[in-house]
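Can you build the whole structure from these sequences, using the hints too?
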Amino acid sequence: MTETETPEPEAESPEDFIRRWQAAADSMVVTGDASTFLAISKGCQACRTYAQQVLDVYADGGAVDFEGSEVLDMVRDSAEPPTYVVDVRAARLRIVTPGEPDQTFPAATQRYRMILRAKAGSFIMRNYAVI
Numbered sequence: 001m002t003e004t005e006t007p008e009p010e011a012e013s014p015e016d017f018i019r020r021w022q023a024a025a026d027s028m029v030v031t032g033d034a035s036t037f038l039a040i041s042k043g044c045q046a047c048r049t050y051a052q053q054v055l056d057v058y059a060d061g062g063a064v065d066f067e068g069s070e071v072l073d074m075v076r077d078s079a080e081p082p083t084y085v086v087d088v089r090a091a092r093l094r095i096v097t098p099g100e101p102d103q104t105f106p107a108a109t110q111r112y113r114m115i116l117r118a119k120a121g122s123f124i125m126r127n128y129a130v131i
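55 is the number that UniProt numbering gives to position 55 of the sequence shown; each next residue is one higher, with no gaps.
Incorrect hints may have been included.
As a list, the in silico EDC-like pairs of lysine to aspartate or glutamate whose alpha-carbon atoms are at most 16 Å apart [claimed, not checked]:
hint	residue 1	residue 2
1	LYS119	GLU15
2	LYS119	ASP16
3	LYS119	GLU10
4	LYS119	GLU12
5	LYS119	GLU80
In case anyone wonders, no lab produced these hints; they're calculated from the structure.
Written out as structure tokens, the structure is:
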């Protein structure tokens, strides 16, 4: 490689993508900014629905108190399309909306099936569902 050449970026693994996607989902929940989450979830109807629920809270002047989540385990369920069963531990979540009682959801571990689609050295979330 010469000085003017740049190394090819390393392809993102499905596991790293899933962790990045979960971090984008957490960020969306606490900030009300869905742009990054939606950019890596193109074509995912469940993702759009989730994002809209979060945006509705913030549009109504609300906020979310959430300390985030942690991907605990991932098991490949299918090679094509890349499909994983993922266990995620989420901290307690509290939704505060003016004029309405707070909604609080206790910390919990949830199992998801996540279906990815390869895209330019990485992935996008094609679908996810609680299982």
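To see whether the hints hold, each was checked on the structure:
| no. | hint | result |
| --- | --- | --- |
| 1 | LYS119 x GLU15 | holds (14 Å) |
| 2 | LYS119 x ASP16 | holds (14 Å) |
| 3 | LYS119 x GLU10 | holds (13 Å) |
| 4 | LYS119 x GLU12 | holds (10 Å) |
| 5 | LYS119 x GLU80 | holds (14 Å) |
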